[in-house]
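Asker: Protein sequences, first through last, are from chains V and F. 235 is the number of the first residue of the first sequence in our numbering; add one for each residue after it. 582 is the number of the first residue of the second sequence in our numbering; add one for each residue after it.
Calculated from the structure, these hints are not laboratory results. Given the structure is predicted, the values throughout are model-derived calculations rather than measurements. Here a beta-carbon is modelled for each residue, glycine too, at the ideal position from N, C-alpha and C. Wrong hints could be hidden among the right ones.
As the list claims (entries may be wrong) - Distance windows between CB atoms, simulated:
#	chain 1	residue 1	chain 2	residue 2	range
1	V	Leu270	F	Arg603	30 to 36 angstroms
2	V	Asp304	F	Val656	36 to 42 angstroms
3	V	Met277	F	Arg633	37 to 43 angstroms
4	F	Gln610	V	Trp310	19 to 25 angstroms
To be verified - Anything over 12 angstroms on all C-beta distances counts as not near chain V; from chain F, calculated:
#	residue
5	Asp599
6	Ser600
7	Ala601
8	Tyr670
9	Pro689
10	Arg690
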Amino acid sequence: MHGAAMIRRLVAGLDRFWFEPVPAQRLAAVRVFVGLFTLGFLMVRGVNLASYGQFSAHRFAPVGVVSVLDAPLPNWSVCALVIATVIAAIPFTLGWRFRVFGPVFAVLLWWTTTYRQSWGMIFHTENLMLLHVAVLALTPSAHAYALDARGAQPSSSHLRYGWPLKLMAALLVTSYVVAGLAKLRVTGWAWVDGEVLQIQIAYDNVRKIELGAMHAPLGAWLVQFGWLFPILATGSLVLELGAPIALFGRRLAKLWCVGVWCFHFGVLLFMAILFAYPLSGCAFVVLFRAEYAVEAIRRWPVVQVLGGR
Amino acid sequence: MFARKKGHPLVHRVVGLDSAGRRLRVPPQLIANDEVMQAARTVYHAVRKGRRATARLCAETADRLSQWDDLREVVRLEVISERFDAVRYFTEDAPPQRVWRHARCTVPR
Numbered sequence: 235m236h237g238a239a240m241i242r243r244l245v246a247g248l249d250r251f252w253f254e255p256v257p258a259q260r261l262a263a264v265r266v267f268v269g270l271f272t273l274g275f276l277m278v279r280g281v282n283l284a285s286y287g288q289f290s291a292h293r294f295a296p297v298g299v300v301s302v303l304d305a306p307l308p309n310w311s312v313c314a315l316v317i318a319t320v321i322a323a324i325p326f327t328l329g330w331r332f333r334v335f336g337p338v339f340a341v342l343l344w345w346t347t348t349y350r351q352s353w354g355m356i357f358h359t360e361n362l363m364l365l366h367v368a369v370l371a372l373t374p375s376a377h378a379y380a381l382d383a384r385g386a387q388p389s390s391s392h393l394r395y396g397w398p399l400k401l402m403a404a405l406l407v408t409s410y411v412v413a414g415l416a417k418l419r420v421t422g423w424a425w426v427d428g429e430v431l432q433i434q435i436a437y438d439n440v441r442k443i444e445l446g447a448m449h450a451p452l453g454a455w456l457v458q459f460g461w462l463f464p465i466l467a468t469g470s471l472v473l474e475l476g477a478p479i480a481l482f483g484r485r486l487a488k489l490w491c492v493g494v495w496c497f498h499f500g501v502l503l504f505m506a507i508l509f510a511y512p513l514s515g516c517a518f519v520v521l522f523r524a525e526y527a528v529e530a531i532r533r534w535p536v537v538q539v540l541g542g543r
Numbered sequence: 582m583f584a585r586k587k588g589h590p591l592v593h594r595v596v597g598l599d600s601a602g603r604r605l606r607v608p609p610q611l612i613a614n615d616e617v618m619q620a621a622r623t624v625y626h627a628v629r630k631g632r633r634a635t636a637r638l639c640a641e642t643a644d645r646l647s648q649w650d651d652l653r654e655v656v657r658l659e660v661i662s663e664r665f666d667a668v669r670y671f672t673e674d675a676p677p678q679r680v681w682r683h684a685r686c687t688v689p690r
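Modelling step: build the complete structure from the supplied sequences, incorporating the hints.
Answerer: See below:
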């Protein structure tokens, strides 16, 4: 009986946590930030994404949804799909005809990024962004800050705006926990002695120098200081495995986000690898009151002038 | 991110050689696209598939290079793998511990 009551309380607590009512503006603000980031990503990487149309067919190694294809698409259709993805990002971000363009954009982004990964190289940096776009596309994230919502009364707090944010937050922390578990699976607890990380940073820079890519001079210089790497390795593992603390209150989330942002900044400085989504802060907005940031931006004089207020 | 076993990993690449045997870097666009890591991965997969795949990659890259305005001095290409002690590479300027040549081809001019 006592056990059953405990389970009931646990389920009720989980229910309160997952289905927390929040204002429509919060979910919509996240859509705006994620949409702007994705639009920028597509504009910067558009030429690269389209270049996969020119690859030799024998190199085609389809993964995920692209596995439905037996052979690569013709060049013109790869280019057309990339252009369509860029265009669809605009109504997604603006919240225009969202019921149509939300899912259309998510599917196009899913296809385009997976097609890029179907040539033997997996780009992990895009996965979280895509998952966040998918959640936003399938939930009522255009009930505010959207062209669709012009003239409508601001929606009051509702759990239908809360659970998508919890889901996105869960995806965020899970991506880090998985990265931490992968380290333990491959190297065991030996990871924390720092040698693997030291070799990884050195190898990544050697590879970039030998291949003629931009390397990270700071990382190359630091590999001589062996004492530094147990600290960095332990820190990265703690941040990754400890990611779920970000779900337990904004203060802990802030602490974790600062730590993870510094971790990604370190990766950029030591290995010249840019994790643009977390470094831009867009990956973390799901943990905070994102609508405050949008309201602050709306008060900027230039935005008021552009908005005709 | 960055989960990898200990040891000295390999760097797989395509290198150009001039008539004096000097090595020159081959731009990633000639192997795959502007993404250096995509080019590196392309070479890696060819090496894993074996001699026929590396010969094909070499010939394809040479063909593209022949239509390229730069690197006119490159007469030959090689698909190679090099094992580095990555830490000693920076601390002692160490050369590769071992080099494997998988394929060699001439650039058609």
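Asker: Taking 12 angstroms as the cut and beta carbons as the points, is F/Tyr670 off the interface with chain V?
Answerer: F/Tyr670 is in fact no farther than 12 angstroms from some Cβ atom of chain V, at 5 angstroms.
Asker: F/Arg690: least C-beta distance to chain V exceeds 12 angstroms?
Answerer: Non-interface label on F/Arg690 holds, nearest chain V Cβ at 22 angstroms vs cutoff 12 angstroms.
Asker: For the range 37 to 43 angstroms, tell me whether the beta carbons of V/Met277 and F/Arg633 fit it or not.
Answerer: 40 angstroms, holds
Asker: Lying within 30 to 36 angstroms: is that true of the beta-carbon distance V/Leu270 to F/Arg603?
Answerer: 48 angstroms, violated
Asker: Looking at F/Pro689 again, its CB stays over 12 angstroms from all of chain V?
Answerer: 17 angstroms, holds
Asker: Quick check on a hinted range of 19 to 25 angstroms for F/Gln610 and V/Trp310, using CB atoms only.
Answerer: Taking Cβ atoms as reference, F/Gln610 and V/Trp310 lie about 20 angstroms apart, which means the hint holds.
Asker: Do V/Asp304 and F/Val656 keep their Cβ atoms within the hinted range of 36 to 42 angstroms?
Answerer: With Cβ atoms ~39 angstroms apart, the hint holds.
Asker: Taking the closest pair, is the beta carbon of F/Asp599 still more than 12 angstroms from chain V?
Answerer: 16 angstroms, holds
Asker: Could you check that no beta carbon of chain V comes within 12 angstroms of the beta carbon of F/Ala601?
Answerer: 20 angstroms, holds
Asker: Once the closest CB in chain V is found, is it more than 12 angstroms from F/Ser600?
Answerer: 21 angstroms, holds
This entry does not satisfy hints 1, 8, going by the numbered hints stated previously.
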